[in-house]
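If you read the sequences in order, they're chains G and X. In this text, residue positions in the first sequence follow this note's numbering: the first is 89, and each later residue adds one. In this text, residue positions in the second sequence follow this note's numbering: the first is 89, and each later residue adds one.
Check the hints yourself; a few may be wrong.
Note: identical chains are not told apart, hence a pair may lie in one copy or across any two.
Derived BS3-like pairs: lysine-lysine, alpha-carbon spacing no greater than 25 Å straight-line [to be verified]:
| # | residue 1 | residue 2 |
| --- | --- | --- |
| 1 | Lys204 | Lys284 |
| 2 | Lys437 | Lys284 |
| 3 | Lys284 | Lys91 |
| 4 | Lys437 | Lys169 |
| 5 | Lys91 | Lys417 |
| 6 | Lys400 | Lys284 |
| 7 | Lys204 | Lys424 |
| 8 | Lys424 | Lys400 |
| 9 | Lys91 | Lys424 |
| 10 | Lys137 | Lys424 |
| 11 | Lys437 | Lys447 |
| 12 | Lys400 | Lys437 |
| 13 | Lys91 | Lys400 |
| 14 | Lys169 | Lys137 |
| 15 | Lys171 | Lys137 |
Since the hints were derived computationally from the structure, they do not count as laboratory data.
Protein chains: 2
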Amino acid sequence: MDKTIGIFGGGQLGRMMAQAALPLNIQCTFFEANTDCPSEILGPVFSTKAENGLQQFINSADVFSLEFENTPLSDVDVLTKSKTLHPPRQALAIAQHRLSEKALFDELDIPVAPYKAVNSLDSLKNAVTVLGLPIVLKTATGGYDGKGQFVLRSEDQIDQAWMELGPAGELVAESFVTFSREVSIIAVRGQNGDVKTWPLAENHHHHGILSHSIVPAPNSADLQPVAQDYITRLLNHLNYIGVLTLELFVTSHGLLANEMAPRVHNSGHWSIEGAVCSQFENHVRAVAGLPLGSTEVVRPTVMVNIIGQYPKTEDVLALEGVHLHLYDKTEREGRKIGHITLMPNDSTKLTTLCRQLAKILPNPLSLSEDMTI
Amino acid sequence: MDKTIGIFGGGQLGRMMAQAALPLNIQCTFFEANTDCPSEILGPVFSTKAENGLQQFINSADVFSLEFENTPLSDVDVLTKSKTLHPPRQALAIAQHRLSEKALFDELDIPVAPYKAVNSLDSLKNAVTVLGLPIVLKTATGGYDGKGQFVLRSEDQIDQAWMELGPAGELVAESFVTFSREVSIIAVRGQNGDVKTWPLAENHHHHGILSHSIVPAPNSADLQPVAQDYITRLLNHLNYIGVLTLELFVTSHGLLANEMAPRVHNSGHWSIEGAVCSQFENHVRAVAGLPLGSTEVVRPTVMVNIIGQYPKTEDVLALEGVHLHLYDKTEREGRKIGHITLMPNDSTKLTTLCRQLAKILPNPLSLSEDMTI
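With the rest of the complex left out, here is chain G (with noise of 0.2 Å):
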């Protein structure tokens, strides 16, 4: 192998960073809570429960990046004593902290939702006034897939959602927006600067996980450049390499931002057959040093996330242009444990290939028998 890169976390993310690194002869190490992973047989995992586990990881690689993007900041800090991590500390600090995301985005005149900064119960009662009624009160760290947030309706929640959320600390109050749907955008930017991005993902959602994105978005033209302009704004800001994630909302007064990934995501996972180098493939690039490939899209694709129970595998393959990617992770509720890509021939067939997973997946979490792509 030419290289080594130590990725931060060892589950699908990193499995597909190291598939993908694999035919340019590039080595990927692991660190990660459980050694059983999905990345475990790509390369060797240390883990973060081991003693001596963080060092021999900084040992085990030439350079890093990351899958996990609540990678505690003080594991990066001993690492960049000596080594170089791809994203920078500063996007993947300010991605774990809502509140500096939004002053972020504030700077950068990206629009996000109005919101304020909670860390009472009279702050609370505040926000509620001033932004007015629904708001979302999220954490400001920790949290995803629909995790560690509260939708506030009523001014008689407020005592509930404190007492849920409040333990956490700093909190966020968004004023609920009302969007018409969910969009995101992924870009890599390449150490020589070079910023390439996907074409926006139109993401649908079942009790906050990720059901399925199809991509391009429909009726996105007007869209696409606006949410270019957002992510590489962010990405020449943060002097960023590697893949970045922006999520929008697509609303009456045009694109909010949502949040950031400082890292390859579930939305992009389409682009591994979909577009000619994947998200995956052009972060390796990236983190590498190398020049990056082409983001266009080959054919148009839905991208179906496999949770908690795994379909047959045959009833999967036996439909039409379908690529089905299992992550070796045991079943469990609510768990990510595969995706599948449809890429027909025909765009028109998606909407039947995604009413057949309808009937085949044993949770189909927003595809539907009667659903319209």
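Chain G is fixed; fit chain X onto it per the hints.
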């Protein structure tokens, strides 16, 4: 992992099979002389040199396949006492013996160049008389990439040819075929008898080693159904499961079969990115008893071999729509150590990209800076 496939051989073909198997939660194990082989990173390698190596390999997997067409039949016979091999032993035995292979082509009405069995100097002289000159003398077993062959152009070379190849025992003398180009067809047959065929590849060789393949082969609309018919006859006759390759000459009298390979093939590497489902994934699907994927072309491609010496990774990746596959092998003259797939958004760019590669590759083989695709 859901299933394990044991593969005879552990070279780049095994590596790419295992890469395709991974997202289906299928693990591969390998049986290879050199355990420090390209497949090693993807699964356990059992040494053919170890005393109990074969038995350990047999114990390591549920179902078996091969990437090495010279897999000893004696090993297969030990295996098949307890486990199943796809493709069938008969296909392997025939492909390992040029005379048996030609007899099968004859039996199935698949045209081949006139040939004669040769097992003595006298029978060689007789073959020269019957077939005329020039002829290609080949060993019936062994030999690949132009090795084990002698082109006989005049009668005074007969003694030299016999001296060189006679010790091999059984030989075949073939009429020298005047062909306009060489093509190959790759097909896969599933356990339910389904057959799917990729488009013809036009293969360009340099001193007997594949330089590059153009897919779909230009001007091959008339040839495709004929080649497809031939390979389907072979697959069905052999009750074959997995990927089979048939190399053909395009002559003024139509297609003539050259030889078959009972495995995935170098001329099918383009399919990793250029087809909806690659030869590697479909082979794995077939061996695992899963439904086959679409063999449709996503974009016209050129696949270029990297022989002997690596180019600079950054030079290759700077080209548009390029995919690099390195096999983690040490450099050695004439050795296949990687390949490049060119997949620009506009196929008219293929010529330019090949010309650029001719500059970048230390060993450009039959690529040149003034070539035209």
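Numbered hints the structure breaks, given as an ascending list:
1, 4, 7
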